[in-house]
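Between the sequences and the hints, there should be enough to build the whole structure, so can you do that?
Chains D and L, in that order, give the protein sequences.
Count along the first sequence from 1, then add 39; that gives the number in this note's numbering.
Count along the second sequence from 1, then add 39; that gives the number in this note's numbering.
A portion of the hints provided could be inaccurate.
Note that identical chains are pooled: a pair holds if it fits in a single copy or bridges any two copies.
To be verified - Computed cross-link-like contacts, SDA-like style, restricted to lysine to any residue with a CA-CA straight-line distance of at most 20 angstroms: (1) 46 / 111; (2) 196 / 184; (3) 196 / 185; (4) 196 / 206; (5) 204 / 151; (6) 46 / 211; (7) 46 / 66; (8) 46 / 98; (9) 204 / 194; (10) 196 / 53.
Hints were generated in silico from the structure; no laboratory data involved.
2 protein chains.
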Amino acid sequence: MPLLMLKDLPRYECLLQAGAEFPDLDPSATEAFLNLLHTGDEAFRVLETHLANHDISHGRFGVLMALWAHERRGCALPPLTPAELAERTSVTRATMTGLIDTLERDGLVRRGPATSDRRMTIVQATPEGLSLINQILPRHFQMMAGLMAPLSDVERKTLVGLLQKIVARAVSIAPPGGEPATATAAR
Amino acid sequence: MPLLMLKDLPRYECLLQAGAEFPDLDPSATEAFLNLLHTGDEAFRVLETHLANHDISHGRFGVLMALWAHERRGCALPPLTPAELAERTSVTRATMTGLIDTLERDGLVRRGPATSDRRMTIVQATPEGLSLINQILPRHFQMMAGLMAPLSDVERKTLVGLLQKIVARAVSIAPPGGEPATATAAR
DNA sequence: CTTTTGTCGTTAGGGCCCTAACGATTCCAC
DNA sequence: GTGGAATCGTTAGGGCCCTAACGACAAAAG
Numbered sequence: 040m041p042l043l044m045l046k047d048l049p050r051y052e053c054l055l056q057a058g059a060e061f062p063d064l065d066p067s068a069t070e071a072f073l074n075l076l077h078t079g080d081e082a083f084r085v086l087e088t089h090l091a092n093h094d095i096s097h098g099r100f101g102v103l104m105a106l107w108a109h110e111r112r113g114c115a116l117p118p119l120t121p122a123e124l125a126e127r128t129s130v131t132r133a134t135m136t137g138l139i140d141t142l143e144r145d146g147l148v149r150r151g152p153a154t155s156d157r158r159m160t161i162v163q164a165t166p167e168g169l170s171l172i173n174q175i176l177p178r179h180f181q182m183m184a185g186l187m188a189p190l191s192d193v194e195r196k197t198l199v200g201l202l203q204k205i206v207a208r209a210v211s212i213a214p215p216g217g218e219p220a221t222a223t224a225a226r
Numbered sequence: 040m041p042l043l044m045l046k047d048l049p050r051y052e053c054l055l056q057a058g059a060e061f062p063d064l065d066p067s068a069t070e071a072f073l074n075l076l077h078t079g080d081e082a083f084r085v086l087e088t089h090l091a092n093h094d095i096s097h098g099r100f101g102v103l104m105a106l107w108a109h110e111r112r113g114c115a116l117p118p119l120t121p122a123e124l125a126e127r128t129s130v131t132r133a134t135m136t137g138l139i140d141t142l143e144r145d146g147l148v149r150r151g152p153a154t155s156d157r158r159m160t161i162v163q164a165t166p167e168g169l170s171l172i173n174q175i176l177p178r179h180f181q182m183m184a185g186l187m188a189p190l191s192d193v194e195r196k197t198l199v200g201l202l203q204k205i206v207a208r209a210v211s212i213a214p215p216g217g218e219p220a221t222a223t224a225a226r
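This is the structure in structure tokens:
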């Protein structure tokens, strides 16, 4: 699942050279963009490697985390529905159906009927599911701390600040919803 | 394709609170990690939105870029093979077979027999493929420059430096090759 | 030569993600 | 009440990625 389909990032001299040839190419922006994708890829790879040790995929982890967080938040809350889970994990309802299918097959979650609305289903983590997520979480926290260990507290704050500037820009360039408000290329 | 399966990132106060409950959870490391994945996701989303305007996927773009770069590098070089393309784009040979299948179906690349080794195939971009990539590239460069526009040159350098520290750490935690040299959890 | 070993591209099968459409159910006017 | 709009979960079909295994071919070892 390489976001960045490049074995090696181009060296900066090559970017400078290419920038001389293509007026649209901004070498420092390209370098930052490629490094961002590459680092996101590497961080994701570390996460997946860790999850694979517990025989669980990224998608399943998201569902279990959402169920775990909901369970922790309060006992009297109404159980989560597939639509709610899809919303919280940023996948479509169709994808959530598939994820719940395999999680249920493996005995980690359980589907049940919703009492209030007969269109709905409720999804709950089984004791096995909760046990698995409780087993994964400590190592998950350690993985994040270990990955960020080479950065000081100040550097972490700096990084977060820079990343948030990029996110804000990304949202204004291409709104998440799909079609942009003011078309850039269309028409 | 959300790397980070979370609609909203947790607020820092929540991370602090959770950190008090879970000794392994480092709030600032978690914040940096989640922001990194989220920003990588957003940057990737902008890239895919741009490529979708040209009816091309991320995987296909990588193959066309590799062919384009190879074509530019020199005329006398031997043509690329599927194995070479897989290596350069960081996918398996099996995946490359599928990518070339669809690219060939759409008339963007062409397979041919290799003269030196009858096991091999050579892959070349068709004029249509080269035309498409030449049409995409200017906007691609503009997209990267636009996304990084809110960052000054100094900030870009700072960002790249911080990201490279994380990449180095990621490689030492989980080597790309698969099995780690010195097992951390196993055994 | 012959045999072994390794690499080529491909196929088969699975996971995760998407869009589009479906029957069932609920809600909101009228 | 009752008909239309909206939402529920699901299914069908496709794209991209993976691992495992295959037949074909090449190269090194005997």
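Taking the hints in turn, this is what the structure says about them:
1. 46 / 111: Intra 42 angstroms, inter 18 angstroms, cutoff 20 angstroms: inter-copy only.
2. 196 / 184: within (14 angstroms within a copy, 24 angstroms between copies)
3. 196 / 185: Classified as within: same-chain Cα gap 17 angstroms, cross-chain 23 angstroms, threshold 20 angstroms.
4. 196 / 206: So residue 196 and residue 206 pass the 20 angstroms test inside a copy (15 angstroms) and across (18 angstroms) alike.
5. 204 / 151: Neither way: residue 204 and residue 151 sit 43 angstroms apart in one copy and 47 angstroms across, limit 20 angstroms.
6. 46 / 211: Intra 30 angstroms, inter 17 angstroms, cutoff 20 angstroms: inter-copy only.
7. 46 / 66: This pair counts as within: shortest intra-copy Cα distance 19 angstroms, inter-copy 32 angstroms.
8. 46 / 98: The answer is between: 14 angstroms across copies meets 20 angstroms, while 25 angstroms in one copy does not.
9. 204 / 194: For residue 204 and residue 194, the Cα distance is within 20 angstroms both inside one copy (15 angstroms) and across copies (11 angstroms).
10. 196 / 53: between (31 angstroms within a copy, 17 angstroms between copies)
Checked against the numbered hints given earlier, this structure breaks only hint 5.
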